[in-house]
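Model the full assembly from the supplied sequences, consistent with the hints where possible.
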Amino acid sequence: MNILLVEDDKRISDFVIKGLQENGFNVHLTENGVEARELLLSTQWDIILMDIMLPDISGIELVKLIRYKKKTTPVIMLSALGDADDKVDALDSGADDYLVKPFHFRELISRINALVRRTKFNHEHKENTYTCGIISVNTDEYKVMLGDIEVELSPREYKLLLYLIENKNKVLPRTQILGNVWGINYDTNTNVVDVYISYLRNKMNLSATVLQTIVGTGYMLKDN
Numbered sequence: 601m602n603i604l605l606v607e608d609d610k611r612i613s614d615f616v617i618k619g620l621q622e623n624g625f626n627v628h629l630t631e632n633g634v635e636a637r638e639l640l641l642s643t644q645w646d647i648i649l650m651d652i653m654l655p656d657i658s659g660i661e662l663v664k665l666i667r668y669k670k671k672t673t674p675v676i677m678l679s680a681l682g683d684a685d686d687k688v689d690a691l692d693s694g695a696d697d698y699l700v701k702p703f704h705f706r707e708l709i710s711r712i713n714a715l716v717r718r719t720k721f722n723h724e725h726k727e728n729t730y731t732c733g734i735i736s737v738n739t740d741e742y743k744v745m746l747g748d749i750e751v752e753l754s755p756r757e758y759k760l761l762l763y764l765i766e767n768k769n770k771v772l773p774r775t776q777i778l779g780n781v782w783g784i785n786y787d788t789n790t791n792v793v794d795v796y797i798s799y800l801r802n803k804m805n806l807s808a809t810v811l812q813t814i815v816g817t818g819y820m821l822k823d824n
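The sequence shown: position 20 = 620 (our numbering), numbered continuously.
To be clear, the hints were calculated from the coordinates, so they are not data collected in a lab. Backbone N, C-alpha and C fix where the C-beta goes; we use that ideal spot for every residue, glycine too. Hints should not be assumed to be uniformly reliable.
[Stated by the list, open to error] Straight-line Cα separation of at most 25 Å, SDA-like style, residue types lysine to any residue; simulated pairs:
{"id": "1", "residue 1": "K610", "residue 2": "E638"}
{"id": "2", "residue 1": "K770", "residue 2": "K822"}
{"id": "3", "residue 1": "K759", "residue 2": "D685"}
{"id": "4", "residue 1": "K610", "residue 2": "N623"}
{"id": "5", "residue 1": "K768", "residue 2": "T731"}
{"id": "6", "residue 1": "K768", "residue 2": "K803"}
{"id": "7", "residue 1": "K770", "residue 2": "V815"}
{"id": "8", "residue 1": "K671", "residue 2": "R756"}
{"id": "9", "residue 1": "K670", "residue 2": "K610"}
{"id": "10", "residue 1": "K669", "residue 2": "M653"}
{"id": "11", "residue 1": "K743", "residue 2": "N805"}
{"id": "12", "residue 1": "K701", "residue 2": "S679"}
{"id": "13", "residue 1": "K669", "residue 2": "D683"}
{"id": "14", "residue 1": "K671", "residue 2": "M804"}
{"id": "15", "residue 1": "K664", "residue 2": "K770"}
{"id": "16", "residue 1": "K664", "residue 2": "E757"}
[Said to hold, decoys possible] Label-pair restraints from in silico Cβ distances:
{"id": "17", "residue 1": "F705", "residue 2": "A684", "range": "20 to 28 Å"}
{"id": "18", "residue 1": "N805", "residue 2": "P702", "range": "43 to 51 Å"}
{"id": "19", "residue 1": "K770", "residue 2": "L681", "range": "33 to 41 Å"}
{"id": "20", "residue 1": "E752", "residue 2": "D614", "range": "35 to 43 Å"}
{"id": "21", "residue 1": "D683", "residue 2": "N626", "range": "30 to 38 Å"}
{"id": "22", "residue 1": "E750", "residue 2": "D689", "range": "48 to 56 Å"}
{"id": "23", "residue 1": "Y763", "residue 2": "N805", "range": "28 to 36 Å"}
Have a look at this one:
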């Protein structure tokens with residue numbers, strides 16, 4: 601497995617590289633955003649470990665870029681910033697997980713393995729296109745269509761819609777949506793699911809009969 605580590609703190613990068621190599625991973629280190637940008641776009645990686653605070657281009661901007669380029673490589677953000685807003689910004693930009701420094705190395709390995717399992721499962725059970733009424737999501741092209749009109753969604757909006765359409769005609773509790781779209785470590789008291797459901801309804805002009813609110817439970821995307 602090939603891992604790209606984007607980290608400018610030598611103390612941390614030495615610690616991470618040593619541990620990953622001891623666990624059988626191949627690791628390539630880059631210490632700045634410009635070089636990372638080239639490697640992200642030119643090379644296929646299995647996992648990306650991304651520091652947020654880099655000396656030139658921020659990790660957030662790099663994640664936005666690779667998602668804009670429709671690359672689905674799993675990204676774990678590594679940051680000394682532990683506030684909820686910092687985590688939300690990173691995850692909404694397209695990161696798959698967020699680990700606050702300093703961290704236990706075993707936790708990093710556990711999160712890498714979890715993302716690898718999830719990615720492998722998704723690839724083995726992947727359909728190219730999901731449909732629900734006039735909505736279609738092409739996962740190869742990272743494209744969302746509403747009839748003949750392409751709809752531009754943020755990475756988190758796309759992930760939410762894909763999860764809803766994969767489970768169309770099923771009632772999905774808020775906590776289940778939160779765990780699958782934002783991650784199991786997300787604060788269960790947040791209203792972020794309701795906020796992003798509202799974003800989807802507005803951007804895609806989805807009526808309450810299509811994207812249904814199940815009072816006291818969650819949401820369902822209905823294929824009429």
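Tested hints:
no.: 1; hint: K610 / E638; verdict: holds (21 Å)
no.: 2; hint: K770 / K822; verdict: holds (8 Å)
no.: 3; hint: K759 / D685; verdict: holds (19 Å)
no.: 4; hint: K610 / N623; verdict: holds (20 Å)
no.: 5; hint: K768 / T731; verdict: holds (9 Å)
no.: 6; hint: K768 / K803; verdict: holds (19 Å)
no.: 7; hint: K770 / V815; verdict: holds (14 Å)
no.: 8; hint: K671 / R756; verdict: holds (14 Å)
no.: 9; hint: K670 / K610; verdict: violated (30 Å)
no.: 10; hint: K669 / M653; verdict: holds (22 Å)
no.: 11; hint: K743 / N805; verdict: holds (17 Å)
no.: 12; hint: K701 / S679; verdict: holds (6 Å)
no.: 13; hint: K669 / D683; verdict: violated (28 Å)
no.: 14; hint: K671 / M804; verdict: holds (23 Å)
no.: 15; hint: K664 / K770; verdict: violated (31 Å)
no.: 16; hint: K664 / E757; verdict: holds (13 Å)
no.: 17; hint: F705 / A684: 20 to 28 Å; verdict: holds (24 Å)
no.: 18; hint: N805 / P702: 43 to 51 Å; verdict: holds (46 Å)
no.: 19; hint: K770 / L681: 33 to 41 Å; verdict: holds (36 Å)
no.: 20; hint: E752 / D614: 35 to 43 Å; verdict: holds (41 Å)
no.: 21; hint: D683 / N626: 30 to 38 Å; verdict: holds (33 Å)
no.: 22; hint: E750 / D689: 48 to 56 Å; verdict: violated (26 Å)
no.: 23; hint: Y763 / N805: 28 to 36 Å; verdict: violated (20 Å)
In terms of the numbered hints stated before, the structure departs from hints 9, 13, 15, 22, 23, listed from lowest to highest.
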